[in-house]
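Residue numbers (the numbering used here), protein chains in the order written: chain A, 11 to 348; chain B, 11 to 348; chain C, 11 to 348; chain D, 11 to 348.
Treat the hints as calculated values from the structure; they're not laboratory data. Treat the hints with care, as some may be off.
[What the hints assert, rightly or not] Calculated cross-link-like contacts (lysine-lysine; reagent style DSSO-like; alpha-carbon spacing at most 30 Å):
1) B:LYS88 <-> C:LYS46
2) C:LYS57 <-> B:LYS134
3) C:LYS316 <-> D:LYS316
4) C:LYS88 <-> C:LYS46
5) C:LYS88 <-> C:LYS134
6) A:LYS316 <-> B:LYS316
7) B:LYS88 <-> C:LYS134
8) B:LYS46 <-> C:LYS46
9) D:LYS213 <-> C:LYS316
10) D:LYS134 <-> D:LYS213
11) B:LYS88 <-> A:LYS213
12) C:LYS88 <-> B:LYS134
13) B:LYS88 <-> C:LYS88
14) A:LYS321 <-> A:LYS225
15) D:LYS134 <-> A:LYS88
16) A:LYS316 <-> B:LYS134
17) A:LYS134 <-> D:LYS134
18) C:LYS57 <-> C:LYS134
[Stated by the list, open to error] Looking from chain A toward chain B, a few residues come up when the C-beta cut is under 8 Å (computed):
19) SER64
20) VAL165
21) GLN167
22) HIS171
23) ALA172
24) ARG308
25) LEU313
26) ALA324
Ideal Cβ placement from N, Cα and C applies to all residues, glycine included.
There are 4 protein chains.
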Amino acid sequence: MSNTMRQWRLPQFGRRHLQLEQVAIPTPADDEILVKVAAAALNYRDKLNIEDGSGGLQITPPLVPASDLSGAVVATGKRVTRFRTGDRVLGTFWADWIDGPWPAHALTLGGPLTGALADYVVLKQEWAVHAPATLDDIHASTLPCAALSAWFALVEQGHLHAGQTVVIQGTGGVSLFGLQFAAAHGAHVIVLSGDDDKLARAKELGATHAVNRRKTPRWDVAVRDLTAGRGADHVLEMVGGDNLLLSLQALKQAGRLSVIGTLGEAEIHSPSVPLFLGRPTIQGIGVGHRRGLEDMIRAVDHLGLKPVVDKVYALEELPDALDHLERGPFGKLVMRMD
Amino acid sequence: MSNTMRQWRLPQFGRRHLQLEQVAIPTPADDEILVKVAAAALNYRDKLNIEDGSGGLQITPPLVPASDLSGAVVATGKRVTRFRTGDRVLGTFWADWIDGPWPAHALTLGGPLTGALADYVVLKQEWAVHAPATLDDIHASTLPCAALSAWFALVEQGHLHAGQTVVIQGTGGVSLFGLQFAAAHGAHVIVLSGDDDKLARAKELGATHAVNRRKTPRWDVAVRDLTAGRGADHVLEMVGGDNLLLSLQALKQAGRLSVIGTLGEAEIHSPSVPLFLGRPTIQGIGVGHRRGLEDMIRAVDHLGLKPVVDKVYALEELPDALDHLERGPFGKLVMRMD
Amino acid sequence: MSNTMRQWRLPQFGRRHLQLEQVAIPTPADDEILVKVAAAALNYRDKLNIEDGSGGLQITPPLVPASDLSGAVVATGKRVTRFRTGDRVLGTFWADWIDGPWPAHALTLGGPLTGALADYVVLKQEWAVHAPATLDDIHASTLPCAALSAWFALVEQGHLHAGQTVVIQGTGGVSLFGLQFAAAHGAHVIVLSGDDDKLARAKELGATHAVNRRKTPRWDVAVRDLTAGRGADHVLEMVGGDNLLLSLQALKQAGRLSVIGTLGEAEIHSPSVPLFLGRPTIQGIGVGHRRGLEDMIRAVDHLGLKPVVDKVYALEELPDALDHLERGPFGKLVMRMD
Amino acid sequence: MSNTMRQWRLPQFGRRHLQLEQVAIPTPADDEILVKVAAAALNYRDKLNIEDGSGGLQITPPLVPASDLSGAVVATGKRVTRFRTGDRVLGTFWADWIDGPWPAHALTLGGPLTGALADYVVLKQEWAVHAPATLDDIHASTLPCAALSAWFALVEQGHLHAGQTVVIQGTGGVSLFGLQFAAAHGAHVIVLSGDDDKLARAKELGATHAVNRRKTPRWDVAVRDLTAGRGADHVLEMVGGDNLLLSLQALKQAGRLSVIGTLGEAEIHSPSVPLFLGRPTIQGIGVGHRRGLEDMIRAVDHLGLKPVVDKVYALEELPDALDHLERGPFGKLVMRMD
């Protein structure tokens, strides 16, 4: 291999500053692996981080964006025990969140840590997992952030089971993974969107019911009707603002509402009475830990679950991909490296 | 309707004492419902209770056996609010275990409380639930004990999810429900039996792997092999005796082993080292509560899950049915009332 | 005993309509007990219900207010098995919430069900528990709503343990129970109040730290400082409005915030980023179930925990007590019946 | 400091082979710390490992025994971020069990990894935690195995709370920590021992009741009597063999029994009926993870909990200490290094 590689670098905030540079391929330290990146999936957080660093953690440019990558190990440091050259891997969204509660020192790839929009990345061996056997690199790259967020909300923390009802808001990456995981566990899935075409495609993916939220602004009432008055067991809140109240009202007594970042609205608010009268559990979801990712990958392989990729872009087409991200894809957008 | 009905009555322990009597149809008190029984499913516990009362709780004859019934409400006491005449219902195995930990005062139908082997039964309104919409009476009658035991072990307490591995021992009623629920949640299912024909039928029901325990006495090693060395997440222990050690050895670190009564062997034993080295959770399962039954019925309806009924007997054929129960059915045996 | 008794009755919303009437002592039905009320504790919810029915559930006058009572069983219906004449009892705040998730049909005493501001009340046997052995009637009457709310938030759902940090907002009834339960489990307790005198009394009750929220408006920063940067494990949110953001910021990663009704502010709001970045669990608390109340009573007896009663009023002094409730007591206000 | 240090080394199994050698002080690698050991606490497992390696994991001599150490960091590798020279630390019993379920690759100090019976040890930075501020080195050294086993059983997994009843078997190290933690959470503690003197000392440490198991062989009945028939919420099983049945019978419905290694008896056995009728959760406890240790240390510091040390031995007195371990100490035995 050559000694240099391509890498998208952001010297200061703002999309116009993005530069596709040619840089030296990094060398792994003793406990690191060098990964030849095959694909990197984009998240809305990447757009925010590029624009002004508002995607979550404190970030200072320069920055290599994007957190989600699939690829193959091409070199290993001398103390690496988890992987061998040739292994197909995924990066973990969080570096050093292994299991249990999130440790305060954990950081994320794509800001502040060096991200995936490059031909090669160096990762500590603890920041990677074996890729699923049943997915190609393009599809596998979508799992570390979007899929794990949905899995963590519904399965790891939500203990979803058959016969429950899950409300999915929208048809972006997290939402469609939520739909697929819920359907795979035998749950009723009610999908909300303002677009009938997207609703039709959601039903093909396994949604039991589709509600057009433009035509049915009181979708909470629709959810009650569809559940014989009980309300939903789980709601994935992807919007924020006034929508939180509708989500609370759509929830059954002691139901679970997952607030998954980054929401469309910067604020959430609600009257306080539904909060204690409905006894909900509201859980903030910030992706999830490595053990959860490994559990989920076993599920993906066993289920034969196929992530929904809206479009694949070549690495140099990043500006087009970011435009698409802003318009709102159906499922995921993926950058391929060659 | 006539004023009398048929009822199997056991004036003293021992199968030969069973009598099919003609007795008065009972009258419901204020908070009771009168149910025209359509079907009653048998459990191994019923055989033990008939023989010597050893099916669990302390029982003194006379006794009307059998705990699991489906039927229709034909009369209601004046303070009944949960049901109306005509409602299709199931009895709950436990009277007065509504939710949470089992309360010490709860009793079971079919001993010590009056059981289901009759044309009519009177139940407190709290001891019944609405029948599933998708099942006929014969199949619905199998749910209160066998299905709920499997559901409680795997779902209510076990938080089973997709990608996990479940070991199912045998092909009786509880085992096949365990198989079906696990498959419906996207789990790998490994079924053990000594009979290749039963194993083949188990695979048709959704088992991922079938292991003949006669040909593979070290089935724990087989489970390790089938799980890339990890071991199973859940094991349903249905045998007892020395088998417990194999179950512990088949379990992954911190896996969950459910001991479901009534076991084949009256004793369990194990070396103690695997108990603390493997950090298992061993949970005793004694069926489950009413809220769990209602959750499960919603799952059965949504999944379209069809219980496996080996054979249906007319009420007067009870002796034949008990013989069959002793031989070991594939799934459930059901008595029909007309 | 005479055939009549005193009872505060509200024929229409508004404090000025409250009437102390002389009415017939009710007769228990078959599954009911007649309780000679010794004391009834007031909650802020009672004030709201009296003014306009805004204390939670839908209420239509006429109404007998107050949910929390202690007393003695003086008569039992013929099917009562849980109590005998002479037993000291407490009412449960929720009628028919026994265990597990709250059932949709459960109602509360003091609106819509007949409340405790009377010399006698009739309760279904399921709506009462045995009183703690170590408390007199005045103190025992404070447990069903305020104490159980705090217990449910911190212990039943919060799994509080020694070494954790709990932030308590204010010094009303729920807050002081939260303080006492947290201290009794070996937790650090940080109490917030705008009144130095109340803070001093809170420290006497076991608070580790006291923060004057008027002098330290950024009390979230103070909590971080007091916890070496970690943040609190549990926060009891009693205020609402903008305060929610401070509570979220005071919480450790994956901490637990209990929203306990009725909040001072009718709205809650927050920027959305702390919600997913901090991964909190926000749980709405609407008192709790009967099994939790029984667990808590065992704890109260074993700990020798003494509820804080600010003042005891005679039944006819209800207007004075409601004035006091509006000013904000330190702990609980109790009406005594004779 | 000199270049050499003392170290107990076992070239082959058997106590008589133990040698106190003078060896070179090791040098920490990049991610390691060098700890000057101040004290090492002994566990019964150490005795088994010395005799024949039967303390749990597969061990091959040569071996440096003992897992539990306290000391000070005297040198750090260049990539160490968790500690600085001078920090007081404890080793973790398990190397690389950080949180969540135990990972299969984790190993223990004192076999197979190099143990603590030496003047210095090298640890990966991930294998150590900050020592409690309120304990001296002798007492702090007792925490990593015995205290964490009790904490993990009762608090981390058992969610112990005030008002519950805990049965403690014996008065060894784990047992007395269990007693102290349970009392600190406001629980009733029933201690069993065959020695009245030890029982008296257990009551001084906070036990509510003491039962002499020689004089009261049916101690399960005694536990029922002391709990008004309910049974215990938690039982720490330290014996094995036939004792398991008594433990199950002493447990309340759906209670929790912790099997903590190494048991006195190499087998456990029980009739199977109590297992499913009582619906217990039996959990194997193999110490616990680092996050639990850190939680516990915060509790120890806040509670001012003082571990019970029966006797302190100088490093060269190991044979005497092992004799004492075999006789059964009251609490812990500790080796001091200077």
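Here is how each hint holds up against the structure:
no.	hint	result
1	B:LYS88 <-> C:LYS46	holds (28 Å)
2	C:LYS57 <-> B:LYS134	violated (38 Å)
3	C:LYS316 <-> D:LYS316	holds (28 Å)
4	C:LYS88 <-> C:LYS46	holds (18 Å)
5	C:LYS88 <-> C:LYS134	holds (12 Å)
6	A:LYS316 <-> B:LYS316	holds (28 Å)
7	B:LYS88 <-> C:LYS134	holds (16 Å)
8	B:LYS46 <-> C:LYS46	violated (43 Å)
9	D:LYS213 <-> C:LYS316	holds (24 Å)
10	D:LYS134 <-> D:LYS213	violated (40 Å)
11	B:LYS88 <-> A:LYS213	violated (46 Å)
12	C:LYS88 <-> B:LYS134	holds (16 Å)
13	B:LYS88 <-> C:LYS88	holds (17 Å)
14	A:LYS321 <-> A:LYS225	holds (28 Å)
15	D:LYS134 <-> A:LYS88	holds (16 Å)
16	A:LYS316 <-> B:LYS134	violated (49 Å)
17	A:LYS134 <-> D:LYS134	holds (16 Å)
18	C:LYS57 <-> C:LYS134	holds (25 Å)
19	SER64	violated (33 Å)
20	VAL165	holds (5 Å)
21	GLN167	violated (10 Å)
22	HIS171	holds (5 Å)
23	ALA172	holds (4 Å)
24	ARG308	holds (4 Å)
25	LEU313	holds (5 Å)
26	ALA324	violated (33 Å)
When the structure is compared with the earlier hints, violations turn up for hints 2, 8, 10, 11, 16, 19, 21 and 26 and for no others.
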